[in-house]
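Participant: Sequences are here, hints too, so could you generate the full structure?
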Amino acid sequence: MLSVLRGGRVIDPVHHRDAVGDVWVEDERVIAPPDAGRVPDVVHDVAGAIVVAGGIDIHSHIAGANVNTARLLLPELRGNDFAAVPMAREIGRLYARMGFTTVVEPAISPEVALQAQIELAAIPFIDKAILTVIGNEDFLLSLLRDGESDAAIADYAGRTLAGSAGLGIKVINPGGAAAFKENVRAFGLDDVVPRYGVSSRAIVQAMQKAVVALGIPHPVHLHCNNLGLPGNVETALATIEAAGDLPLHLAHLQFYAYGREGPRGFSSAAPQLSEALARHPRITADVGQVMFGQTVTISSDVLRQFNGRRGGRPRKYAIMEGEGNGVGIVPYRYRRTDFFNAVQWAAGLELFLLNADPWRLFFTTDHPNGAPFTAYPDMFALLMSQSVREQWITTVPAEAMAVSTLPSIKREYTWPEIAIMTRSAPAWLLGLDDRGHLGPGARADIAVYRPGGDIAATFRSAELVLKSGVVVIRKGEVVETVHGRVLTVRPDFDQAIERRLAAYHDAVYGVPHTVFDVPAATFTDRLERVPCRS
Amino acid sequence: MPEAAIGERAATLAEATREAAALLQRSRFPVIAGLATDIAGAEGAVALAETVRGAIDHVHAAAVLSNFGVMHEAGWMIVTPREARARADVVLLVGAGLGSFLEAAALEQPLTIGVERGRHVIRLGGEASNAADLPAMLASLRALVAGKSIAGATQSLEAMAKTLNEAGYGVAVWNAVMLDPLAIEMVCGLVDDLNARTRFAGLPVAAACNGAGVMQAIGWHTGLPMRTGFGRGRPEHDLWRFDASRLVESGEADAAVWVGGLDADVPLWIGKVPTVALAAPDTRFAAAPIRINVGRPAIDHDAVLFDARLGVLAASPARAASKLPRAADVLRGITLALASPC
Chain H
588 MLSVLRGGRV IDPVHHRDAV GDVWVEDERV IAPPDAGRVP DVVHDVAGAI VVAGGIDIHS
648 HIAGANVNTA RLLLPELRGN DFAAVPMARE IGRLYARMGF TTVVEPAISP EVALQAQIEL
708 AAIPFIDKAI LTVIGNEDFL LSLLRDGESD AAIADYAGRT LAGSAGLGIK VINPGGAAAF
768 KENVRAFGLD DVVPRYGVSS RAIVQAMQKA VVALGIPHPV HLHCNNLGLP GNVETALATI
828 EAAGDLPLHL AHLQFYAYGR EGPRGFSSAA PQLSEALARH PRITADVGQV MFGQTVTISS
888 DVLRQFNGRR GGRPRKYAIM EGEGNGVGIV PYRYRRTDFF NAVQWAAGLE LFLLNADPWR
948 LFFTTDHPNG APFTAYPDMF ALLMSQSVRE QWITTVPAEA MAVSTLPSIK REYTWPEIAI
1008 MTRSAPAWLL GLDDRGHLGP GARADIAVYR PGGDIAATFR SAELVLKSGV VVIRKGEVVE
1068 TVHGRVLTVR PDFDQAIERR LAAYHDAVYG VPHTVFDVPA ATFTDRLERV PCRS
Chain Y
826 MPEAAIGERA ATLAEATREA AALLQRSRFP VIAGLATDIA GAEGAVALAE TVRGAIDHVH
886 AAAVLSNFGV MHEAGWMIVT PREARARADV VLLVGAGLGS FLEAAALEQP LTIGVERGRH
946 VIRLGGEASN AADLPAMLAS LRALVAGKSI AGATQSLEAM AKTLNEAGYG VAVWNAVMLD
1006 PLAIEMVCGL VDDLNARTRF AGLPVAAACN GAGVMQAIGW HTGLPMRTGF GRGRPEHDLW
1066 RFDASRLVES GEADAAVWVG GLDADVPLWI GKVPTVALAA PDTRFAAAPI RINVGRPAID
1126 HDAVLFDARL GVLAASPARA ASKLPRAADV LRGITLALAS PC
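If you read the sequences in order, they're chains H and Y. Residue numbering for the first sequence follows our numbering, beginning at 588 and increasing consecutively. Residue numbering for the second sequence follows our numbering, beginning at 826 and increasing consecutively.
Keep in mind the hints are simulated off the structure, nothing from the lab. Please note that a few of the clues may not be correct.
Derived DSS-like pairs: lysine-lysine, alpha-carbon spacing no greater than 30 Å straight-line [unchecked claim]:
{"no.": "1", "chain 1": "Y", "residue 1": "987", "chain 2": "H", "residue 2": "903"}
{"no.": "2", "chain 1": "Y", "residue 1": "987", "chain 2": "Y", "residue 2": "973"}
{"no.": "3", "chain 1": "H", "residue 1": "903", "chain 2": "Y", "residue 2": "973"}
Over 12 Å on every C-beta distance to chain Y, these chain H residues come out as not near it, computed from the model [claimed, not checked]:
{"no.": "4", "residue": "625"}
{"no.": "5", "residue": "652"}
{"no.": "6", "residue": "657"}
{"no.": "7", "residue": "663"}
{"no.": "8", "residue": "733"}
{"no.": "9", "residue": "818"}
{"no.": "10", "residue": "980"}
{"no.": "11", "residue": "1003"}
{"no.": "12", "residue": "1020"}
{"no.": "13", "residue": "1072"}
{"no.": "14", "residue": "1116"}
The model shown is predicted, which means the values in this text are computed figures rather than measured ones. Ideal Cβ placement from N, Cα and C applies to all residues, glycine included.
Facilitator: Below you can see the structure in the form of structure tokens.
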């Protein structure tokens, strides 16, 4: 089927395109404009609208036992504009209507990968992927303690990724969960896990090397130590230094943008962080913006969640410990009138607005930890309009604005910058060569927005969304339901690790290590392999 | 062996599917019960319940929802059986009904991580004692753990409190079938108290017949656990209102679909309302107008089930694969037949 989106402002930073023109689609792909003789079967008149590739969200908790437990923890909040944990089918629809076509679930421990993949299969419209969590297991920490080779560590990481059908490696407060089992209650970059004598820094660096050795396109995706603590900008800065010359992606950086300035000993340190990002070109980060309202925190940083469990709003929690990282679920309400929450909100915006390189800073709320992803339209408005920001600033405590540079920032994001940050750059960061752009050969994941006076409304309800060439959304409503693909990598590793893992799991847990592998039959959606780099 | 039966006579699966759809079409408020099935079967049951605007319940809902209720009201901190097996130097067994789990989870075997520690297994309440005494014992234990002196503290309770407080990584195990929700909440409170000083976690034994798995599956489709109704076009959860046996006994439900396959006792209310029974061939029913033979998950066909030993959903291959249809496929067939009644 041949179709054309005619006359829109086509913004494709990968191909240096920002002009009124046409985008041609044949079946599932974007094609070069065909010969004059070919007549399209469908013409979409998008004059006056913006045409971009479908959005790509690199960090959003949408599936798995952790997310599902959060759903079950808070059924009483459903329906009251509580979009923190929608049902599986709603997640797909809500993303699609905002023009997003690929979403990455960033934290799945290997032993719960099967449930995550089954839940992802129930989410329509979007392409999806998981990041596999390692870094706190006895097996890995023992390898590091015993001075095993980089190759053995890479084999373990590669094999674990393969069994869970992940797209990349996620590391969460490395060593922290293991230390917590030994009754340690705080864990920083240079703290050492009892029993193993391994530091958090050593785990991060070992994982960076493994990812490079395995050729996995996505860098180590790191949730640093000391999340949420006043003064933790020091942890983020030290982690950036520790990364050295190897790539590293820092998750939800806003939660590490805190200084100790001002009368309440809590301030935004976003300018310092932003400046460090600028000086370290191998570092990428997603913001994890806080927005006001009721949400729930879902995190495999079990130590952090344990420490914060009494601060839940409503006041309850669910904490599960497992083989490596566990999970903690703590409901939370960010209040506009709360000094601390207002500083958090400002810090995230500062990170966005002070950033010079839209290819290295990514648009997220760490859904739902900072806010549900349904807050994205309001976030776009805040980034693209200083007057919208000024209105919001009048509604938050002045003392919070006094410890942030936000009120002084005049910058407004442009459409091309939004396109880079939410389309071109995420595709590059994940190793997806045929997404995030509109060149010939691209998967026809396309979003069309009609700008009006209200920026948030523009992004809340896309005018037209195509998924693999099929029109799925028109004026924010579902036209046709489709299912996407599951994106994975399959790095090479030495099969000798299988024997080691088999012996280990038998001895320590009394179960075969293969029992957690996701069987091929699980994938009712098509599995798409993203090539590793050699 | 016939695929199905309608009344006394043998029938094909296709015939029985059409009859089942017709039966449900005639009913005002059906209940989809049993749900002793795998994840795919649970998903199929949710889809059917939504289509017929009925209710959905699980044969062991009471036990599953006792645990769920404690988590939902107060919160909890738990650990997987595997990690408990590897690491727990103190295992506190609370109440009865833990024998077979103890063995399956190897909780009386030596530790495998932190082997320098020995394992102490201690029992509070148990097969011989009176379950009604348990809340009082737990209250005393919590007070002793917190360092308070109480009247009537026995030497054994004091010793128990000392052991708990000195645990490196302790685990409190219980079976929700044998404990009432308040006692479970107290165990979870004790675990929380102990974490002020040392490390401790709870370990609820998973309900039989994939109860925990079915709850997860209903959860990701509806945001709610079992005992949920779709009568108003959106899911609503109520522990009392959507109890299948109560719905049938009271007459609020006028039809039922029993989904079996795993080893569940067929309840007495089957046959009180027109019922479609999906069951393994050797299951006996007193009276079910429509009966369809389905495979046993992980025996006749591969299946994803909550594994009590692992504490997660796991895929199990078929141990003795057969041609019996999956409950999930039969449920889908009925749902489709309802969508196009011809």
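Participant: Identify every previously stated hint that the structure contradicts and give their numbers, smallest first.
Facilitator: 5, 6 and 7
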